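Taken in order, these protein sequences are the chains called A and B. 515 is the number that UniProt numbering gives to position 515 of the first sequence; each next residue is one higher, with no gaps. 4 is the number that UniProt numbering gives to position 4 of the second sequence; each next residue is one higher, with no gaps.
Hint data in this document are derived by calculation from the structure and do not stem from the laboratory. Take the hints with a grain of salt, since some may be wrong.
[To be verified] Cut-off 27 Å, straight-line C-alpha distance, at most; resulting in silico cross-link-like pairs (BS3-like, lysine-lysine):
1) B:210 with A:587
2) B:262 with A:537
3) A:454 with A:412
4) A:650 with B:210
5) B:107 with A:587
6) B:210 with A:537
7) A:537 with B:67
8) A:342 with A:256
9) A:376 with A:454
10) B:262 with A:672
11) B:37 with B:107
Keep in mind it's a predicted model, so treat the numbers as computed, not measured.
Here are the chains, one letter per residue:
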Amino acid sequence: MSSESSKKRKPKVIRSDGAPAEGKRNRSDTEQEGKYYSEEAEVDLRDPGRDYELYKYTCQELQRLMAEIQDLKSRGGKDVAVEIEDRRIQSCVHFMTLKKLNRLAHIRLKKGRDQTHEAKQKVDAYHLQLQNLLYEVMHLQKEITKCLEFKSKHEEIDLVSLEEFYKEAPPDISKAEVTMGDPHQQTLARLDWELEQRKRLAEKYRECLSNKEKILKEIEVKKEYLSSLQPRLNSIMQASLPVQEYLFMPFDQAHKQYETARHLPPPLYVLFVQATAYGQACDKTLSVAIEGSVDEAKALFKPPEDSQDDESDSDAEEEQTTKRRRPTLGVQLDDKRKEMLKRHPLSVMLDLKCKDDSVLHLTFYYLMNLNIMTVKAKVTTATELITPISAGDLLSPDSVLSCLYPGDHGKKTPNPANQYQFDKVGILTLRDYVLDLGHPYLWVQKLGGLHFPKEQPQHTVIADHSLSASHMETTMKLLKTRVQSRLALHKQFASLEHGIVPVTSDCQYLFPAKVVSRLVKWVTIAHEDYMELHFTKDIVEAGLAEDTNLYYMALVERGTAKLQAAVVLNPGYSSIPPVFQLCLNWKGEKTNSNDDNIRAMESEVNVCYKELCGPRPSHQLLTNQLQRLCVLLDVYLETDSHDDSVEGPKEFPQEKMCLRLFRGPSRMKPFKYNHPQGFFSHR
Amino acid sequence: MERAVPHAIPLGQMEVFQALQRLHMTIFSQSVSPCGKFLAAGNNYGQIAIFSLSAALSSEAKEESKKPVVTFQAHDGPVYSMVSTDRHLLSAGDGEVKAWLWAEILKKGCKELWRRQPPYRTSLEVPEINALLLVPKENSLILAGGDCQLHTMDLETGAFTRALRGHTDYIHCLALRERSPEVLSGGEDGAVRLWDLRTAKEVQTIEVYKHEECSRPHNGRWIGCLATDSDWMVCGGGPALTLWHLRSSTPTTIFPMRAPQKHVTFYQDLVLTAAGNSCRVDVFTNLGYRAFSLSF
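Could you build all of it, start to finish, from the sequences and the hints given here?
Structure follows, in structure tokens:
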């Protein structure tokens, strides 16, 4: 039985790893309930130390027995076998003890391992718990921070500041006693107030919207009313036409003119607008009108389809004509030229009335392909003028407006782009066509608002109102002064040709009472002739003798002395003085190159001209200069130092009162006349 | 084709007036600065212009270097004469002599250091001052002009010390005879008078027009220019340009010039002379041979 149980138990003990063995053991435990004794229980009861002693003792016994057996075996004998058997049985018993001890040891080991395992498992369980808890703690902490960081939407609203809130909010919202202490309540109160305000503002907004709607409707109504007014006004105006004519108030005429003005090309339009404005505002003597055919102007701007048709038609015509006639190249060029120089059918007429009832008529044209404006001028006087021979050029339409501004001779086109256009059709310069087309003065372009800058030539030059306005007043004043000075000269020339120097009474003080030298001749000479004179070289070299100037020759005589004076008249007379060059024929020929006194005489008329200007507008300058020339000749001849070697009296006795006859290293004669004392002195 | 016109700039009123002024300008006097770098010129409008000689004569001279560095209105009337001391520029014209500091003259708005008017007898017309002469030994200035007298002015005090009378018509020119401190003056009355500065009296009178060899009645008798070399004197004007021996008061050489002479100087052994109406500066030896002429 014990061997069976030990056999059964042996496999259990060998298979000492855990559960299946234990399971079997448990089954075997339950099987052998009655007879079984648990070695596990026995392990707990036995002392491991004693077991160890037992083991050592058993091993010793076994060793002893083995030794005895060996002895016996080596001695041999009969009783040996029984003793050996005896000893064998004893060693078997010891063996069994050893086995038991081994089993016990194994069991102990297993128990120890089980206990450790249990403990470990417990520890693991605790560890897990700890980790779980830690994890939870961390999670909770995160949540807490999240909660702490949470910004509620109410913080994004800009609330009014605390002071304002307490000031403005009604007490039932602000609840100062409660909110002062409790920030939560305070915020709530503030939010409440915010809501209140917003509600109120939303109300207002709705009200305003509805107001706006109302007002818009009213505006609509009024607009309709006004638009219905227009046809009624038109009918009234129609009805008032006869009344206008009766009262000489041509509003309608002005209106018609504005209608026509709409068809003007831009530069002419600018001129028209600016001139009318200037005339109305500053200068009642200026009147503006538009001439020309409006239909032709309209025809220039036909809609594209029509013009295309026209082009194709005209192309067809041209082809036919070229096939038929084959005009010469010259004629073709001529046509091209005519086309290039074509004028716009409408033109603007300006009439400037001067004080003495003379009128300057200006007609402004626009050359479409060249983008420049030209002007034709005409002067008409109240009474018929008899033109003296020398005054031919003064009022001629070709030259009356020449050099209104210095250098503005109007013979060249001011638009640099035109040169290329001219090259294509073989036009050398606009000068050849100026008589027909009018002069393209620079001031005309400025009045039309056209500006052609020299430094940066522009592609398209557009008419500019401000340019025109800034030049209008000056130009009009210059035009008037020009006409008046030319008319004054005209009258004066008539007198000069008869040998009388017309000195007005308010300029008499410049001259002594008695002037003996006389003007005998006054003629106009050509520019080339002036350049050929031998005593005018200085003026020519100084660049004061240009082809835009007018040239005259005056002859003053006294006795045998003849004084020739060559006069350069600048178109800008009288702001630019006439320049005199003298040549005296008396006891030889004296000019400024061989006689300092002649030079001094020239200086008296040329440089000291400001004294001779007379009252504004200084139209008396030329005549005063001529009179002074006569006086100077008198002084020169009378103060001539007498040559003792020559017999006979002086040709010209001294009648002028002079303090001294000569002065200074150059021994000048006393040419300066002093009024009212009436004597001559030196400058 | 048009003839080429000297300049194409359109002439406004101002430009025409300035061109005319320049055409009728006469420069009457000039003076070089003590340092030699600047030239002052005075004209008939009473303006003084200062030119920079060093700039105009340098190798890189451009058109602008030949224009004045500064121009200012110095006198009311023409500036007939100018001299330079070692620090001042003295200019005289219409009855007054003014002094300018050379060191200050180039600055804009330069004012005269002082101005003096000699005591004139007549008050109806202010006489002009035609000639200025420095007498270095006495540190004085001699003025002569329209009132027919020579006035001496002390440059230290500005007081007018002497007035030498004798001329019967206005005085054109002055020259200094250094060895014996004598002044020569030539005038419109045709006489060259010598004055002793110490005694303030007229020492000698030469009436040039009375000598037949040199007088030219058709030109007049006026003496326009004078130069002296202590023993010798050259004078000219209406009469012909003549070389005189002063002690004997005799004309020795008559230079063959037709035009009335306006300026003459001695230079070493040569006589340089220029006429107002011709373009030549003639150079003669003392013996009357024309060595050569410099022409404009």
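Hint by hint, here is what the structure shows:
Of the pairs offered as hints, the one joining residue 210 of chain B and residue 587 of chain A holds, with about 25 Å between alpha carbons and a cut-off of 27 Å not exceeded. Restraint check: the Cα-Cα separation between residue 262 of chain B and residue 537 of chain A comes to about 25 Å, which is no more than 27 Å; the hinted pair holds. Distance check on the hinted pair: residue 454 of chain A and residue 412 of chain A sit about 14 Å apart at the alpha-carbon level, within 27 Å; holds. With a CA separation close to 22 Å, the supplied pair residue 650 of chain A and residue 210 of chain B stays within the 27 Å bound.
The suggested pairing of residue 107 of chain B with residue 587 of chain A is violated, with an alpha-carbon distance near 49 Å, which exceeds 27 Å. The hinted pair formed by residue 210 of chain B and residue 537 of chain A fails the criterion: a straight-line CA distance of about 41 Å is larger than 27 Å. Under the criterion of a C-alpha separation no larger than 27 Å, the hint pairing residue 537 of chain A with residue 67 of chain B is consistent with the structure, at around 23 Å. A C-alpha spacing of about 26 Å is found between residue 342 of chain A and residue 256 of chain A, which places the hinted pair at or below 27 Å, so the restraint holds.
Taken as a hint, the residue 376 of chain A and residue 454 of chain A pair is honoured in the structure, with Cα atoms around 25 Å apart against an allowance of 27 Å. At roughly 24 Å between alpha-carbon atoms, residue 262 of chain B and residue 672 of chain A fall within 27 Å of each other, so this suggested pair holds. Proximity of residue 37 of chain B to residue 107 of chain B is assessed by CA-CA distance (about 16 Å); at most 27 Å being required, the pair is judged to hold.
Going down the numbered hints, you'll see the structure goes against 5 and 6, while the others check out.
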